[in-house]
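Each chain is listed here by its residues.
Protein chains: 2
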Amino acid sequence: MLEVRALTTDAVIEFDGEVLLLKRNHPPFEASWVLPGGFVEQDETARDACIRETGEEVGVDVSVEEFIGLYDDPDRDKRGNVSAAYRCSIRNNQTPTPREEATQVEMFDPNNLPNMGFDHRQIVADALSAYRSSQ
Amino acid sequence: MLEVRALTTDAVIEFDGEVLLLKRNHPPFEASWVLPGGFVEQDETARDACIRETGEEVGVDVSVEEFIGLYDDPDRDKRGNVSAAYRCSIRNNQTPTPREEATQVEMFDPNNLPNMGFDHRQIVADALSAYRSSQ
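Protein chains in written order, with this note's numbering: chain A, 1 to 135; chain B, 1 to 135.
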């Protein structure tokens, strides 16, 4: 059996200069703060999955603004997953609330981020760097 | 069991204005022309896999020049695979030869491409468009 790498997606959602993170309620990185996201399923694109997972985990509809990058360091996730990360924005001023896989949802100052799981701190840094350079 | 999408990679190798394609010797798209590429394995990045697969299939060392895009239309491959595509160049003037998975290797004029498998015609078009706009 070939050991393939599964595609996941993560959403960097910025609002008023702060970034949305959720606290995970399951391993790996249980109780760490992470970006909303998850596995891309067979019938959807990575952008579709980013929108679906954000709805499932933090209860908001987002629009995908920009591809940030493909995060594929073999050491980023012991399960071997790769992430396609997108910068997203919340539609219609909805308020995020913790749903599946999350015990808390909070907005954080990108210069004062909590302990984060996977390589999500790097994804946030890359997202904000790309965003600022396009302004 | 979650139906995840596996990550693969494809290489667009341009030389003297022509693009390298191989004729596949196995399904899907058996006997169609495609880009060199294949599954990203657990211990490597997509760029690593692009270099390894090109060596295995057409016998040349390449350097990866540029990320072209993530090809994730659910209809692109009935097995559900997603491709990270890269523009590559051949190192040291090596001559491509068909090896694993290939019955033939040829260079094609991008304006006169043969019958191609997957969405590889689109990947070639995107690669050359990005390349030309950066000149």
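I should point out that these hints are in silico values taken from the structure, not numbers from a laboratory.
Some clues are possibly wrong.
From the structure, some residues in chain A lie toward chain B, with a derived Cβ separation under 10 Å [unchecked claim]:
1) E30
2) A46
3) D72
4) Q122
Example chain B residues on the side facing chain A (calculated, C-beta under 8 Å, incomplete) [claimed, not checked]:
5) E3
6) R5
7) A6
8) L7
9) F39
10) V40
11) Q42
12) D43
13) E44
14) T45
15) L70
16) G80
17) A84
18) A130
The beta-carbon is built from N, C-alpha and C at its ideal position, and this holds for glycine as well.
Checked hints:
no.	hint	result
1	E30	19 Å, violated
2	A46	5 Å, holds
3	D72	5 Å, holds
4	Q122	14 Å, violated
5	E3	4 Å, holds
6	R5	5 Å, holds
7	A6	4 Å, holds
8	L7	5 Å, holds
9	F39	5 Å, holds
10	V40	5 Å, holds
11	Q42	4 Å, holds
12	D43	5 Å, holds
13	E44	6 Å, holds
14	T45	5 Å, holds
15	L70	6 Å, holds
16	G80	5 Å, holds
17	A84	6 Å, holds
18	A130	14 Å, violated
Violation of the numbered hints given earlier is confined to hints 1, 4, 18; the remaining hints are satisfied by the structure.
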